[in-house]
Structure formats: C-alpha cells, structure tokens
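A.B. asks: Residue-level listing of the chains:
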Amino acid sequence: MKKVYSNKLTIFLFILPALLLFLLILVAPIFMSFYYSFFNWNGFGKKEFIGISNYIELFTSGSIGFPKALGNALLLAVLSVGIQLPIALGFALLLGKGRKGERGFLSIYFIPVLISTVIIGQLWLKIYNPSYGILNVALRALGLDKLTRIWLGDIKTALGAAFVPILWQYVGYHMLLMYAGIKSVPTEYREAAMIDGAREGQINRYIVLPYIKPILKISTIFAVTGSLKSFDLIYVLTNGGPLHATEVPSTLMISMLFLRNRYGMGSTIAFLLIILCFAFALIIGRIFKDKEG
Amino acid sequence: MSKDIINAVNNDIRKDSIPARKFKVKEVWVYFIFIFWALINLFPVYWMFTFSLKSNTEIFGENVAGLPREWLWSNYERALKVGNIGRYFFNSVVVAVSTIAIVMFISLMATFALTRFFWKGRKRMNQFFMLGLTIPIHASIVPIYVTLSRLGLLNTYFALIIPYSAFSLAMAILVCTGFMQELPMELDEAACIDGCGAWGIFFRIIVPLMKPAVATVSIYTFLQCWNELMFANIFISDSVHKTLPVGVQALSGQYMTEWGPVGAALVLATFPTLIFYAFFSKKIQASFIAGAIKG
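Line order of the protein sequences matches chains X and C. Just so we're aligned: 59 in the numbering used here is position 59 of the first sequence, and the numbers increase by one with no gaps anywhere. Position in the second sequence (first residue = 1) + 1000 = the numbering used here.
Quick caveat, the hints were computed from the structure, so don't treat them as lab data. In this text the structure is predicted, and so the values were computed from the model without any measurement. We treat Cβ as the ideally placed atom computed from N, Cα and C, and that holds for glycine. Warning: the hint list may mix true and false statements.
Some chain C residues well away from chain X (every beta-carbon gap over 10 Å; in silico) [unchecked claim]: (1) Phe1090; (2) Phe1118; (3) Leu1153; (4) Glu1189; (5) Leu1244.
Taking CB as the label site, the calculated pair distances span [unchecked claim]: (6) C/Pro1184 <-> X/Ile83: 22 to 30 Å; (7) X/Asn7 <-> C/Phe1105: 41 to 49 Å; (8) X/Leu13 <-> C/Phe1158: 48 to 56 Å; (9) X/Lys213 <-> C/Leu1131: 20 to 28 Å; (10) X/Phe59 <-> C/Trp1073: 18 to 26 Å; (11) X/Ile83 <-> C/Arg1122: 53 to 61 Å; (12) C/Trp1073 <-> X/Phe258: 36 to 44 Å; (13) X/Tyr211 <-> C/Asp1194: 41 to 49 Å; (14) C/Pro1212 <-> X/Arg140: 48 to 56 Å.
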C-alpha cells in the first residue's frame, strides 16, 4: 500500500495536468502582464521599453481618467459593504430564525444570482429606457413627470443608475452564505440564551454574529474585490459612458486594449487590479482578525 | 370563588394575548417585507417572460406590465431564425460541457495525488492551487489574447474551454478534496490487496464514489461558463462560435426598437438555468456555498 502511494512518478503524472493548466493560464499571465506593463506596445509590432511611464501616465493623465475610474470602483465597494451586505444580513437573520417558508423565500432571492449578468443588464436597460422603460412609465402614471430622467444617459444619474442593478443582483448571494452560516449555529446556544432571557436582538448580537464572522469576512472580501473587478453590468448598461461618468478600471482596460490598441497600458491596469484585489483581501482579513482578539 | 377563577383565567388570557398580539403584528411586518423583496426579485423575470410574447404596441404603451393580450410566439421564431439564438445556445452547451469534462477529470486526478499519496510538499501544493480562488480573470486577458491570436486560436471553442477550465480548477480541487478526504483508506487497502495499482484504485474505487463532488462542481462550473461575458466577448468575434451572453448582446444591438424578439432571446438564454433551479435549488445553492467557503 505504502509502496503504491509513494511512487514519485505516479504522483507526478496525477498532478501534472492540473499543474500545467494552472501555471500556463493563471500564474504565468500575471508575470507576463507585469512585464508588458513596462512597454509601449500595440500588440503586434515591436515592444518599446518605457520603464514606469505607463504607471505615471495612468495616474496623471486626465484624458485616460484612471483615478476617476478607480474612484468609481471604490465607491461601489463602499456601497456594497454599506448597503448590499447589511440588506443581505438583515434578511439572512430574519430568515434564519426559523420561519415558515424561509427556504422558499431564500430560493426566490437567489434567482438574480443565477441569471447571466448580460440578461440582467439587458432587462435593466429596458427598465431605464427613457421613453418606454417601466421606471419612467410608472413615474408618469403617478404624475411625477418631473422625476423622469434619461437615467443612463445623464451624467448626474448614470453612475447611480448603473450601480443599482449591480448591488441588487448579488444580495441573494451574500444572503445565501450568511443564511447557511446562521443555520449552522448550534440550537443549544440559542436555547441557552433564550432561557437566560435574551431577546432576539441580543441573541443576534452576541451569539449569531460572532459565530458567523468567518462568513462575514468572506462576504466582505467578495463584495470589495468584486466591486474593484466589476465589468459585466457596466459594460452592458453604459460601457463607461456618458463622458466616462461610469468608467471603472475594467471597462477602461478593455477600451485601452481593443479600441486604442495600447496593450502595455491595458496590462498596467490589469496588473494594478490584481495587486489591489490581493491587497484588499489581505487588509480585510487583517481587520476581521483584529476584532477577534 | 368562581369569580377568582374567572379573574385568574382572564388575567392569564390577557397575559398571553398581549405579547402574542404584539408578536403577530411583528410577524405580519416581517412577511410583508419578505413578499415585497420577493416581488422585486421576481418582477424582472416576470416582465421578461411577458414582453417576450408581446408586440411593440403592447410593450410601448397599451400594456406595459400586464400579461400579453395576444401571445406572439413569432417573437421566438424570429429570435431563433434571424437572431441565431439556436446556434449560440449550441455553442454555450459545447463550451460548458467540454469545460466540465476537462475540469472534472483533471481536478479528480490532482485531488487524488493531493489526498491519498504520501509526499513532502503536498500541503504546499494544495495551498498553491487555492491561490486560484482569488486570482481575477483580468490578470490573464492580455497574455492569453496575444497567445491565442499568435496561435490562430481566436474564434474557436478551444479559446474559451481552456481558460474556463483553468479558472474553475481551484474551486473543483477544493470541493473534491473535501469529499475525497472522507473516503476511508481501508477501501484503497482492500483494492491494493486485490491487486489494483494506483490507476486501478483511482478509476475503479475512487472516481465512482465521487458522484456528489462531481455534481457540485459541474453545477458551479456550468453556471460560470454559461454566464461568462468578458472572455467570450474578447476571444470570440465570429457569430459561428459566439456563446449566449455575447450573442444576446449582439442581438439587442441589432433590434434596438423591437423588444419582443430580444425578450424571446433573453428567455431562451435563461430558461435552462431556471428550470434546472426549480428542481435542484438546494443542490445549486449548496454548490455556491461550497465554492465560497473553504473547508
């Protein structure tokens, strides 16, 4: 038995396909993106080494507008943590207490997560449509004509209008994770607290929340890194417009690559995004750890 | 005497009834909120189904949110014939199924080496693979695009299947490890005594017992592939190989003023997921939980 299970060649053969795929598609490209970020390159011709000029240009050039795009993504991250997660947590606590029909409601709330973001985006495009969209139609029907807007076409409202579906779509996802955590709280804990006379709010505050802290950490990391990476819905709804009002780093990266053929600059944005995602994941992990101590 | 009893009973009723009524009022509010949020989540889906069956005159004024007065199935015919949705649907299936097959096979092999074999550094190797859970797909877009175009592999199924497989690998290994660790080593020993080698144990004993892991990983991988936009949008530009998200995107650009066929395309792209979800909601939810929470 031991002999069979310590044969080096067999181990190597079993692990090789996964390792190759992993190294070639996930690991190597990170280093390649880092390498490309020091070049001025249109993807096909000669690469011209320009040091850190891409990084400098990215943060100083007004025409690229990277700081604004990053600011938008960070705003989305703040809104996700400040609005999306509390809604999810609130529902998860209400559902997890053990109410009739809780699974049914949870299943309904999860539906938007399953639907492709392109479909969600297309539906919201139609909801926001200035002349026929259900939002403006409803406002007109209520006699609130003054409130109707060209939601996605107006610089003032576009960012907010684009963020609503993003925040809405993933509430169910976080809710599911939190609900699963809440359901794993041993019933004895709950009962003991109830015998001691704790009210529902106290049970949630002192028993449930500390218990599901690892899940709150995961949700926070996903919400923040997901916001930094956000692409699909912005791409479908506005593609960064009008006048870059809804630009996020990902849409900027795609337009650098495929509209302006600036592969070096695109790689610079990609690399910065990776670093930011890792950095935020680490920082959030640290914050949750501090609270434990 | 009897008065006292009546009083006591009345007091009891009062005692019970006051908190009970409070409780009920609160419960009503909770359910009111539940139903309100459910409607917000269901409305877009309901609206999509209804306008996919309506004519422009109904959508644009007469009957915005109600059930269609005249059920216009021709919208679906046009989405399929003119909009090419059938082809995109087929492409999405090919890509998703191939990806699942590759991910399953490769991750089961790797997990086998990581959980059953004795070797130094297998813990390290496992942690290394788990890094994949946090690497964003953005990281690889430029290098993979450049490589694919040099190899002339843009606009092929291959261009999507390989990256999708790679990005699903970490989650697959995570889930498979959880299940495989629970299989007792006695199984392997018995098989070994019966003359099975490592490959025999893997294919005859382990793989057949991994059905729950296969189901979990397949569901998760399927949904990731079915809904993915960024890679599909960039690596595929000819309509022969477009997957549903890209195809639907193209179709809605083509039919700016006619919502019916677009709605039909949206429904066609969504209903497999929804029907599947209607039957296996618990299993699907479990796969999402498994994908998020490390053992």
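A.B. asks: Next step is simple, just say for each hint if it's right about the structure.
C.D. replies: Okay, the hints, checked on the actual structure:
Taking the minimum C-beta to C-beta distance to chain X, about 17 Å, the non-interface status of phenylalanine 1090 of chain C holds against the 10 Å cut. Distance to chain X contradicts phenylalanine 1118 of chain C as a non-interface residue, since its nearest Cβ pair spans about 5 Å, not more than 10 Å. With a closest Cβ-Cβ approach of about 13 Å to chain X, leucine 1153 of chain C is found to remain outside the 10 Å limit, as its non-interface label requires. The non-interface label for glutamate 1189 of chain C is inconsistent with chain X: the shortest C-beta to C-beta separation is roughly 5 Å, within 10 Å.
Not every CB of chain X is more than 10 Å from the CB of leucine 1244 of chain C (nearest about 7 Å), against its label as outside the interface. Between proline 1184 of chain C and isoleucine 83 of chain X the CB atoms are about 47 Å apart, so this pair departs from the stated range of 22 to 30 Å. Here the CB-CB span from asparagine 7 of chain X to phenylalanine 1105 of chain C is close to 21 Å, at odds with the stated 41 to 49 Å. For the pair leucine 13 of chain X and phenylalanine 1158 of chain C, the supplied restraint of 48 to 56 Å is violated, since their beta-carbon distance comes to about 24 Å.
The supplied range of 20 to 28 Å is met by lysine 213 of chain X and leucine 1131 of chain C, whose beta-carbon atoms lie about 23 Å from each other. A hinted range of 18 to 26 Å for the beta carbons of phenylalanine 59 of chain X and tryptophan 1073 of chain C is inconsistent with their spacing of about 55 Å. Under the hint 53 to 61 Å, the C-beta atoms of isoleucine 83 of chain X and arginine 1122 of chain C, about 43 Å apart, miss the expected range. Distance hint for tryptophan 1073 of chain C and phenylalanine 258 of chain X: a CB-CB separation of about 38 Å, consistent with the stated range 36 to 44 Å.
The hint said 41 to 49 Å for the Cβ distance between tyrosine 211 of chain X and aspartate 1194 of chain C, and at roughly 46 Å that hint holds. Distance hint check for proline 1212 of chain C and arginine 140 of chain X: the Cβ-Cβ separation is about 53 Å, which falls inside the suggested range of 48 to 56 Å.
Hint check: violations occur at hints 2, 4, 5, 6, 7, 8, 10 and 11; the rest are consistent with the structure.
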